[in-house]
Amino acid sequence: MKNVFLVLGMARSGTSAVARGLSALGIEFGDKLAPADSLWNPKGFWEDTDIVYKVNRSVMFAIDYTWKTVDWSAAFAEPNGNLMRLKKYAVNLLQQRLATTHYYGFKDPRIAKILPFWQNVFKSLPVQDHYVIVLRNPLSSAYSYQRVTGCDIETGLLLWLIMHLVPAIQDSQGKNCIMVSFDAMMQDPYLQLARIKDFFNLPDLADANEIEVYARQFLDKKLQHYEYTRHDLLNHPAVKVTPLCIDMYDLFCQLASDEITFESDTFQSTWQILMNKYEQQFSSIYGYMETISKRNKLFERTLRSIHRSIPWKLTYVLRLVEDTVRTYRKKYAE
Amino acid sequence: MDVYVVIGLGRSGTSTITRSLQALGVDLGDQTTGNLNAKGSFEDFDVSRVINRRVLEALNYSWKNMALTDLAVDHEKLILLKAKAVAMLNQRLQKTKRFAFKAISTAKMLPFWQDVFRTLNVNDHYIIALRNPLAAAFSYQRINGADIELSLLQWLMHMIPAIERTAHRNRIVVHFDALLQSPEKEMQRMQTQLNISMLSDAEEKNKFIHEFLDVKLKHYDSTVQDLNAHSAMKVAPLCVKMYSLLWRVSKDEISFESDEFVTNWKCLREEFDALHPLYSYIEVLLTKNKSLERQIRGIRKSIAWKLSYPLRLLDQSLRARRRKSREKRKLLIA
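Heads up: the protein sequence lines correspond to chains A and B, in order. Numbered per our numbering, the first sequence spans residues 1 to 334. Numbered per our numbering, the second sequence spans residues 1 to 334.
Honestly, the hints are just simulated from the structure, not real lab data. Bear in mind that the values here come from a model prediction, so they are computed numbers and not experimental data. You can trust all of the hints, since none of them are fake.
Derived DSSO-like pairs: lysine-lysine, alpha-carbon spacing no greater than 30 Å straight-line:
| id | chain 1 | residue 1 | chain 2 | residue 2 |
| --- | --- | --- | --- | --- |
| 1 | A | Lys294 | A | Lys277 |
| 2 | B | Lys234 | A | Lys240 |
| 3 | B | Lys290 | B | Lys306 |
| 4 | A | Lys313 | B | Lys301 |
The shape of chain B in the complex, shown without the other chains:
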């Protein structure tokens, strides 16, 4: 039995890639949901909402976390969740021999899932979704107003474990743009590299290519030049180098095992490690930001706050008046 895991930062074409696997005859289960995407996000509900979310909660971890520390798979709180994940996957695999899933933050908890796969004795394959980090960042900003800088850092935090945790396993890098531009070629690549024997009929494939793929829905096109030129990029200059390297892998110019990739990756990783303490401090500041925001939101939602509306109005107007008279006095003195 085979499990195909689609990983990558959100807004990187993970949904489209997951859908393309379906067109190739891989089963996605019947629990897929989607709300952020016009055409569905193909995210397995049980995986993302039930398991991944709780794993993050159990470890007091968020998908925004800047830490790259190893997940302690034998963490006490994770044992129950692991049993749950095994049962869920087992259930999915009863109906099919090839199951694919994608879920937010899977890239950050690969050791957990790999432990699950080991228990079930299934072959795991990884599809790493690659998109220009700037394009993904703009897409995020459109949805939730996130800073470009933050999304670029997130891109690094997802790609590093996605590459390092899938070493020596069957994996492929798929570029979102390439999938949109030449779907047949990319699907062929996936088929050969992931050993998916021809399962689907041509009709399924055609449906995906001609009906599902919609270049219009891709809102952001960024080139490597844009990436270099954008001011936010100075916060995470590694993005450019890592993206260029992975782009070559996605074009099959170099392989993960090639010396060129290995030495380049080692350099990138060293550079990243030097800057990591700074990124961690950014996270500290962001966590503080979130907690302050939550406090203010909590106050504004409370009944006491709403009830005191007339009182606050009065207080504010009194204050404004006092301020004005103070300024007037200052002017008179001057």
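The shape of chain A in the complex, shown without the other chains:
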């Protein structure tokens, strides 16, 4: 039986750093990794380009996802020609990757929403799936996300909740799953890596030196720009839009520090309460927010393509004259 490891979590939560940590434990991430990027990830994304660009993006298109839907299994259960083709492709791809190793891992921020797709793929292969959910204070993720995309903090928090943590937990129920805190990883990588290794019962796959390199050279405190506390989370005005973030973060922190397990009654009952609240009070409102956000994105795209077009650039002088005349006329009218 071969093993597949999925790294889940919100973008800007330290998923790349954790993926690199897994690779220090000897889990292979393949050699088709996306190149590093000075803005997003100066030390690499640890994302397999074939999986991210060829499979996951197409799957997202094929199912036309929305924020409103909480349970995705229905969308994946329906017969869908595109999904069938993608599944075949993904099965092939995974077989190729697993040809040279028994421990293969991959990460992509889109995975959480499309987990049922991958679980279908795993079912048709002799592999065992394992999940690593990366936890970071939602406010830190949202601020970091704002730095690279310009998104509102509120939207960042919504993404943390709706796109990543909720589906990650929902779809990994009953599976081999561990919650890893990014902050804890930064503080004591040795401890966290040992914890992961123990949890998955990993044999010694890599040289112990690898862990040393990871802890001393790869992890860079300077790249951790945002460190918000629970107190910040409680008091930030944007969090009022996603009050569930607080409860969920608290619950997940307990998982990350091994105070409770996914299987414990405490976790299961609290999770059920939170999900009921989510579905009854919030999911529709978030759905409406997404509708408007999508319209805004469309407008932004239209504007961008106008601004980039050649006629727009060519008419620069004309526009300048027109704008001046207009401002002058407005002033005159007033």
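Assemble chain B onto chain A, guided by the hints.
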């Protein structure tokens, strides 16, 4: 002297109610206008276009605003407008002792008007127009294509101040449907509760009932069941509860002062306050939407844009061609 103010979300029968006041012998002034309604909207031009609009502008507020914050009556910019409103009302009241007006967004600026009434030392009475929020929302959608969700939120944003800002004053809730179905009964209710002594002759009343009221012009009939079942309602579930409560007030089953109303209202208000940050964020997204839309419209209206039409045509066809050849190449590679 008495002033009667008709308040409620637009498309809730405010015009019909205002017209019924006229049939009862209350003066509407001679500045009423109307364009959205087949039979006139009975909106006082000076109040809506001159004063209300400028109050909103002065406070950088729109009728769509989700904020429920108290208007600062002593706001520097409002002093001039208040003087204007006092003069205008004074002029109206010179010809009559009973003046009624309705104007868009009055519900949102009641503190301003109440300050005006205090200065003039007139008795203020309020007629709160009630209609099934879903029916009002459909009616709005027919006119300006507004989202049902947005109109439902607007309904809340109008009804809450309409109820809270008229506490301990002479007021009545009139249901639009009831006025259409049994006009005599509803007019009788208004007459007694608003202390309008019999001023009009029977002929006026008959004219209103038999000529003006036209059930055919009411396009949308929604029941409470529809309200519960509509998917948009999940965005503003409070609408159902608030509507049911106010419906009972309009039937004279309970009064505003009854314990039942007071406790129910308190619960509703708490529920609303919990969701208000989410609604405010919806407003942020909508404001962005409007500004993007305006930008695109501005570009499309500009002379430079129109002049560059042939250039744009050329640019587009070149682009389409390039895209096609790119796709062809991709196919060849595959």
